[in-house]
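J.: Here is what each chain is made of, one letter per residue.
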Amino acid sequence: MTNAMRTSAGAVTVERYQGVRADGRLRRLWNANAPGYLFLLPWLIGFFGLTLGPALISLYLSFTDFDMLRAPGWVGAANYVRIATADPKFASAMSVTLTYVVLSVPFKLTFALLVALALNRGLRGLPIYRAIFYLPSLLGGSVAIAVLWRQLFASDGLVNAALSHFGIVGPSWISHPSYSIYTLVALSVWQFGSPMIIFLAGLRQIPQDMYEAASLDGASKFRQFYKITLPLLTPVIFFNAVVQTIDAFKAFTPAFIISGGTGGPINSTLFYTLYLYQEAFGNFRMGYASALAWILVVIIAIFTAFSFLTSRYWVHYDD
Amino acid sequence: MTASVTAARPPSDITKRSLPATLVIHALLIAASLLMLYPLLWMVSASVRPENEIFSSTSLIPSSVDFSSYVRGWTGLDISFGRFFWNSLVISLLVVAGNVIACSLTAFAFARLRFAGRNFWFAIMLGTLMIPYHVTLIPQYVLFLDLGWVNTILPLVVPKFLASDAFFIFLMVQFFRGIPRELDEAAMMDGCSAWRIYWKIMLPLSLPVLATAAIFSFIWTWDDFFGPLIYLNDMNTYTIQLGLRTFVDSTSASDWGGLFAMSTLTLVPVFFFFLFFQRLLIEGIATTGMKR
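Chains as they are written, first to last, in the working numbering: chain V, 2 to 320; chain L, -4 to 287.
Hint data in this document are derived by calculation from the structure and do not stem from the laboratory. One should not assume that every hint holds.
What the hints assert, rightly or not - Derived contacts from chain L toward chain V, CB cut-off under 7 Å, selection only:
| hint | residue |
| --- | --- |
| 1 | A104 |
| 2 | P134 |
| 3 | V145 |
Stated by the list, open to error - If you want the footprint, here are the derived chain L segments under chain V, 3+ residues with CB under 8 Å:
| hint | segment |
| --- | --- |
| 4 | 25 to 39 |
| 5 | 146 to 159 |
| 6 | 172 to 185 |
| 7 | 259 to 268 |
| 8 | 275 to 281 |
C-beta atoms are modelled at their ideal positions from N, C-alpha and C, and glycine is treated no differently.
Chain L extracted, bound-state conformation (with noise of 0.2 Å):
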């Protein structure tokens, strides 16, 4: 499934072009790429720009590069962003967890073994895919204000452990089943339980797609700003997202700088994972058409 997002286009296809109209295609796309990647590149640099510099052009590249903006930025609240970066990967990390422990379970039980009423609740695993979360939003939040968790990690976290991302369960099922039969059946008749059979045999073949999820679950996780917006309420336990909008809001259009340096500061754990994990990401979406 995913040897056709990545296999080499027959040679025959490249020759058969003409070179002048190659060079054009080339150009339109250098020319597109810029014209997505500008807006990006002139807020990193916005934020090494002396601050009375930042408007002044829309050149990419500042006349001197000065870190103060980082400094000031980091320190513009009452809260440091350093909490906000902990805040944010504690919660991220958790719901990797989470997301691969219950996801992978339940989609093992989906995709491997026998039980009544599989496809019963299969089909309403898929149905969960088209709720949207509004429909549950206030229940929820109800509950979990009954429980004392507005203001801590838990109603951002817990949810995932208990396989609440039927997409990546959906996902995890689709690898499963790609899975040679033979093995697990084989590993059955020697008397292994259903548990060694996930543990050791499904799991280690899986990490392709165990892998996509748990890129996925951080980079979302990370990114999200309706979640915490909702459950978070004290500046202690806010996530990055959140201590990012209070900056602006706090400062609104004082300092621009510190608001660029902080605003490239988020963006910089989800582009390195997006540089080293590009090709699964890529392969993840050209296979499930995950989006957000």
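If we strip away everything but chain V, and leave its shape as in the complex, we get (with noise of 0.2 Å):
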């Protein structure tokens, strides 16, 4: 524009001048921001083509019955309304998946703050501790780590010949359906070691002068604990119960691996997001495999604010 401008014949000299500031101005603004969007390009290029825009369309989707055969057709609030009324199944997954998140997130995080107390001692080894305590979490994850575990709760697998050691038979407890929920949250319980990680760093940032003053007014080391350690560790807490937490909301393959796929038995282990999708990719009920993405979303938010609203009464910060 500005160039045209310019190159114009004939301009009287005022326009020209104008022009001139105008493509000043604008090579400025250009000097001054061009880099910064020329970095940021490909993550803008993301954002909007793989986040914003799918998310919207998802939202869309969520209203409709889309197939993947025909084109989306409008159904309104249909989804959300059978969700909430006339879907067992969503009512059993998310049951399933809340027991998931209540037993499985208090337990990981009060083994891992105990590992993280005993090892914050200037123990010898200490080292070699912490990796050990963190490798089940790294390898978590894979298909191997959930096919053994399979087999470790197999009714022929190693914690029933562990049991009998002792006399006690035990049940197949992947196949039975009181128990499976239970060994998916051994497994989780198992891989403790991120937040203890985490508890450990947390632990390394309270003075240590603190602990001296409260020894010498003759503080026992159970005081100690609860009046230094453990408030000073409640931001540390509360990032890891909000980190765990929305993880275990998002959990997927292991259910899948111990289960076969099915959810099983009996919906047992059907974890919301191995609902989701048997519902987009097995029966390809996209539309409303959609609005269950977006309750799921909503649950997280809300689960996040309410942690949020919540910690101006029991965490601590130093300010």
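Starting from the two chains in their separate frames, assemble the complex, guided by the hints.
T.: Have a look at this one:
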């Protein structure tokens, strides 16, 4: 535009002068901002093309009966109504997932904190212990671990072999609907390594002289833990709890592998994400699955908002 | 920021503790370590046991070592596991390249460049951290299907070159901000372009964070099951995780030796990464709270 203004022959001097000025301003604007946006370009393309665009489309699809074969037809809130009132599998998947979250997260965090406290004593061999406890967290998401877990809790598996030493005949944990979810909880608790490492890092931040002062005042170890360690660690506990809970809501691979993709027996391991996957890619009810996805978003958002709102009553920050 | 993680405890803390208490703690920790590792060790041991011996004992030491399970497992499907390893390797390496390149470009812009709207876009980027992938899953699938990308590695790799892992951007922004401003300000005075500052100053100083992102990218991609499950349906394109799952389904209970052998093999690369880069991985977790 400015080039055209400049080169338009016979332009009056004033116009030309303004043209040059506009050109200079644009150039300055360009010089100031272009590098930033050029560096940002891949991310911007990804954000609009792979995140924002798909998210909006998915919101639209959640109000349709899209099945991949025909064009999506608008059904209003029918998907949501059905989810809320007429879908026993949704209710079951939600309850399985909530059970999993409510059981696995507190156990996992308690183990993580206890082991971190035990390790945070200037012990010899700390790096080795830390590594051993962290390893399961790192391997955890893979199919091999789920396969191994399935064997551990099989009727002739290692857990029952160990129990038989004590004269206990264990059930087939995996294929019994009352127990199967607990094997998945156990798998999640086994992977307490990464919150443990975050706890360790948090414990390091607590100034030693606070303990020294407390000892001089005659405070017992338990009192020191209760009055110093725990309050000062609340930001880390809060962080771990939020991260682990969101993660637990999204659990998929172990349930898929252990139940052979069915969520069985009798839907007892039908995690929410597994149900979503079945609806989308098993039954091709893409519109319905989109509604399920948005409900998951809302649940995670509500949970996160709730955590942040209540955090002011129990999380202590230095300032 | 990493110093606090690795800093040694003051010696006074050790000397204060009594010897018996220390021994008790060590005993407990060793017992816990064995319990943690037992399932893994048992699987490795089961993979080299003669077939008839696998379930007969809970002991970790096989009576004789026999690698035939590996041979049977490797060739147990129509396509050998070598193919799956190769596919996983190609995808994982491309994802590493994509994440390191695209995320560092983005992070450099957010951390070191001034431009209109920077704070706005940065807030948006942080917001994307919280969106579960389920929300974009179905439209993305339809998009990649329409592009004809299903059954290729493109849906698994291309998004990474568009900096779709906001988590690593965040990690790198944190690191870049810790590098002294004077360095690039001086370079800018000397007429250095933004690109040269990124390439010649920022990247060389950021090797630790780039390595952390690369290692986690590799391990997570190697272990990823969901992405390949959705996008790869042709067995020739399967990754190691899909191959293993197919092996589970096709042999069900008949070839446990082969199953454990192949399971062990899929864990080997992750285990070696862990062994060599343990410190980096643990610092990465401790400073950023990475979780998978």
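J.: Would you mind marking each hint as holding or not holding in the structure?
T.: Structure-based check of each hint:
Because the closest C-beta pair between A104/L and chain V is about 4 Å apart, less than 7 Å, the hint holds. Hint on P134/L holds. Least Cβ distance to chain V is approximately 4 Å, under the 7 Å limit. At its closest, the beta carbon of V145/L sits 11 Å from a beta carbon of chain V; the interface hint therefore is violated under the 7 Å criterion. Under the rule that three or more residues need a Cβ within less than 8 Å of chain V, the assignment of the segment 25 to 39 of chain L holds, with 8 such residues.
Look at the segment 146 to 159 of chain L against chain V: 5 of its residues bring a Cβ nearer than 8 Å to a Cβ of that chain, three or more, so the hint holds. For the segment 172 to 185 of chain L, the stated coverage by chain V is not satisfied: 0 residues place a CB nearer than 8 Å to a CB of that chain, which falls below the threshold of 3. Restraint check on the segment 259 to 268 of chain L versus chain V: 5 residues with Cβ-Cβ distances below 8 Å, three needed, restraint holds. Counting residues of the segment 275 to 281 of chain L whose CB falls under 8 Å from any CB of chain V gives 4; the rule of at least 3 is met.
Taken one by one, the earlier hints fail for this structure at numbers 3 and 6, listed in ascending order.
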